[in-house]
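Chains V and H supply the protein sequences, listed in that same order.
Everything in the first sequence is counted per the working numbering, starting at 1 for the first residue and increasing by one.
Everything in the second sequence is counted per the working numbering, starting at 356 for the first residue and increasing by one.
Heads up, some of the hints might be wrong.
[To be verified] Cβ pair distances, simulated, as ranges:
id : chain 1 : residue 1 : chain 2 : residue 2 : range
1  : V       : Pro243    : H       : Pro450    : 52 to 62 angstroms
2  : V       : Pro338    : H       : Glu401    : 44 to 54 angstroms
3  : H       : His643    : V       : Asp21     : 41 to 51 angstroms
4  : H       : Ala671    : V       : Lys166    : 51 to 61 angstroms
5  : H       : Lys362    : V       : Ser183    : 44 to 54 angstroms
6  : V       : Glu263    : H       : Pro450    : 44 to 54 angstroms
7  : H       : Asp475    : V       : Lys100    : 44 to 54 angstroms
8  : V       : Ala309    : H       : Gly621    : 26 to 36 angstroms
9  : H       : His643    : V       : Asp320    : 22 to 32 angstroms
10 : V       : Gly266    : H       : Gly621    : 24 to 34 angstroms
11 : V       : Lys100    : H       : Lys467    : 37 to 47 angstroms
12 : H       : Ala667    : V       : Lys166    : 21 to 31 angstroms
I should point out that these hints are in silico values taken from the structure, not numbers from a laboratory.
Everything numeric in this text was worked out from a predicted model, so none of it was measured.
Idealized CB from N, CA, C, for every residue including glycine.
Protein chains: 2
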Amino acid sequence: MNNTTSKKKKMLLALDGQQTDTPPLWLMRQAGRHLKEYMEIRAKAENFLNFCYSPDLAVEATLQPIRRYGFDAAILFSDILVIPDALGQQVDFVPGTGPKLAAISSIEELEKLSKDRLHDHLSPVYEAIGRIRHELSELAEETTLIGFAGAPWTVATYVVEGGGSKDYQKTRKWAYGAPDEFSALIDILVDATADYLIRQIDSGVEAVQLFDSWAGVLPPSQFDKWTIEPAKKIIARIRAHHPDTPIIGFPRGAGLLYRRFVEETGVNAVSIDATVPLAWAAENLQSHCAVQGNLDNLALLTGGPAMEAEIAHILAAFADGPFIFNLGHGILPETPVPHVERLVELVRGTSVGAA
Amino acid sequence: MNNTTSKKKKMLLALDGQQTDTPPLWLMRQAGRHLKEYMEIRAKAENFLNFCYSPDLAVEATLQPIRRYGFDAAILFSDILVIPDALGQQVDFVPGTGPKLAAISSIEELEKLSKDRLHDHLSPVYEAIGRIRHELSELAEETTLIGFAGAPWTVATYVVEGGGSKDYQKTRKWAYGAPDEFSALIDILVDATADYLIRQIDSGVEAVQLFDSWAGVLPPSQFDKWTIEPAKKIIARIRAHHPDTPIIGFPRGAGLLYRRFVEETGVNAVSIDATVPLAWAAENLQSHCAVQGNLDNLALLTGGPAMEAEIAHILAAFADGPFIFNLGHGILPETPVPHVERLVELVRGTSVGAA
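So here's chain V without its partners, still in its complex pose (with noise of 0.2 angstroms):
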């Protein structure tokens, strides 16, 4: 599993704070619907989960893109709902309606959640890393394995919900109302979701990323409570055994708070979602860690004048300081491959698969 190649591999450099010729690039779901290889083997699965931990699958889902667009990181095909699902919540993912969960709303329910099987529930998801790995050093040797998970916020939304939500009511009056019980949801999110980034660690991924994708929607108290601290004490936890392996962290959404959570993390980088303006990032959060980010989707779907615009934008933005080019968020199924063909150029400033 180690990296025996003298020389570090580029997304590794921009994660240690090193300026790159050129910024590494990936997006965040560039394995998914939105290539017509995924749609043939998703069929192969009866449902979404099964996919996820079926390590043929998911290996082959998640060297596509790398295979399709030479992207500079892989990361591993699988879902944040994951860690519910092994800690023995009901998940199943409903098609065309999404996620559905035997909501869990009050201290006693806790008690149906446990980690006793959480490894041996996930151990097909290590063994995808571990393939995963493999295939990238004869395929790609240049590529970085990311792992990832849900950040406990997020996945607690789900949790309490029973699914997605529009304003995730339920949840957040649990944690105005009953902060104690809340915390302790929360707490056991935490703890899984340490327990499950190190163990992807020591199966081969060399960083991971911790998406909190429902960020945006809480107010700074709530931020910090919720949002924050969860992830000191993952970030504590990941480093205490393993020191050196990178940390991003996307708070989606946190706006003015972006600053709050790179300075109270320490990740080594932060995901930016697209609405935060670039030479506010530049100087707040590029100081302080690398920066991902952060072209719409809604840009990259589009392609054309208008993205080529925002490209460049972005490119002359965080030129001066350590970078990784990706989406403010997930790309989107309808989006054309030439599109992210041409971002890939752009990005380059070459040709596809030149680089």
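We have chain V; now place chain H onto it with these hints.
Chain H alone, transformed into the frame defined by chain V:
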């Protein structure tokens, strides 16, 4: 319609940039479903738009929260979708689902929109405004009447998507891919919205608020084009007719871009959502104009110590400048009335109705 008392109303003092002993207080969506007296009159109209266009019902709904809580401002009971409806687009409110419009998504289809019957169509709104002012002069002469409209970007998302939406994909793709075409739609909405707000003021409202509820999804380049520029045009039109009527802007979710919005548009007040850090807003926004906000509607729904702590923080943060106490987003239908009563006590430093 003139305010014949020599003392200026508290709400108008704050909008004029003056500090008040305790801040004026009102709540977005104060008229509506959290009140049982609203649910009783709501049943009298077969559909929601008919309710909005019935002066008797709109007057009563507007006044209900004033009678119950004695707020410093009443806001016209209406909906932002009266503008596409008045322009000739088919708009229905489907119970339990939300608004449904005959979507418009091409430059040719814009011809379906016409301003010819705008004021005829909206005359029940203007009639309601006159009657509310009259009623308020007897019921609560210190209460300011606020008119409102949806901002063009937010209204455009409904026009183009044909209803509510998760990521506004059609609208945002049109805006990126064919900005000249999308501008034509925005210009139609700017023109109609300016006419509508001017006529609201002619009819008796004493201030207006422009609700850009979905501004928060726009990256900076798009925010400038579709939120700031239309707001500037509408404000210029209003001020040409009514230079002294204060204008409140609410680009919800604008994060770091609230400051640019305030500086560029020259609004008299900015309404901020609950994610905006208080100290930042006091320093960067309240120095330019009055600030309105920003209690989390989930904190109000929850009540108790968390709500009380948030209220205290807000009152302290904005005590040294012009400030209007409000929520960060509309009151939720499930909000208990006693929580609102407690909020009134805390903001006024007194008991309900004694202010």
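query = Between proline 338 of chain V and glutamate 401 of chain H, does the beta-carbon spacing fit 44 to 54 angstroms?
reply = Hint holds: Cβ distance 50 angstroms, inside 44 to 54 angstroms.
message = Tell me if the beta carbons of lysine 100 of chain V and lysine 467 of chain H are separated by a distance inside 37 to 47 angstroms.
response = 39 angstroms, holds
inquiry  = The hint says 24 to 34 angstroms between glycine 266 of chain V and glycine 621 of chain H; measuring C-beta to C-beta, is that right?
reply    = 40 angstroms, violated
inquiry  = For the hint 26 to 36 angstroms, verify it against the beta carbon of alanine 309 of chain V and that of glycine 621 of chain H.
reply    = 28 angstroms, holds
ask   = Do the Cβ positions of lysine 362 of chain H and serine 183 of chain V conform to the proposed distance bound of 44 to 54 angstroms?
value = Since lysine 362 of chain H and serine 183 of chain V have Cβ atoms about 49 angstroms apart, the given range 44 to 54 angstroms holds.
task = For the range 44 to 54 angstroms, tell me whether the beta carbons of aspartate 475 of chain H and lysine 100 of chain V fit it or not.
result = 48 angstroms, holds
query = Does the Cβ-Cβ separation between alanine 667 of chain H and lysine 166 of chain V fall within 21 to 31 angstroms?
reply = 29 angstroms, holds
query = When you take the CB atoms of histidine 643 of chain H and aspartate 21 of chain V, is the distance between them in 41 to 51 angstroms?
reply = 42 angstroms, holds
request  = Go ahead and decide if the range 44 to 54 angstroms is satisfied by the Cβ distance of glutamate 263 of chain V to proline 450 of chain H.
outcome  = At roughly 48 angstroms between Cβ atoms, proline 450 of chain H and glutamate 263 of chain V fall inside 44 to 54 angstroms, so the hint holds.
ask   = Is the gap between the beta carbons of histidine 643 of chain H and aspartate 320 of chain V within 22 to 32 angstroms?
value = 31 angstroms, holds
message = Taking 52 to 62 angstroms as the stated bounds, is the beta-carbon spacing between proline 243 of chain V and proline 450 of chain H within them?
response = Hint holds: Cβ distance 57 angstroms, inside 52 to 62 angstroms.
query = So does alanine 671 of chain H sit 51 to 61 angstroms from lysine 166 of chain V, Cβ to Cβ?
reply = This hint is violated: roughly 31 angstroms between Cβ atoms.
Of the numbered hints given earlier, the model fails hints 4, 10; all others are met.
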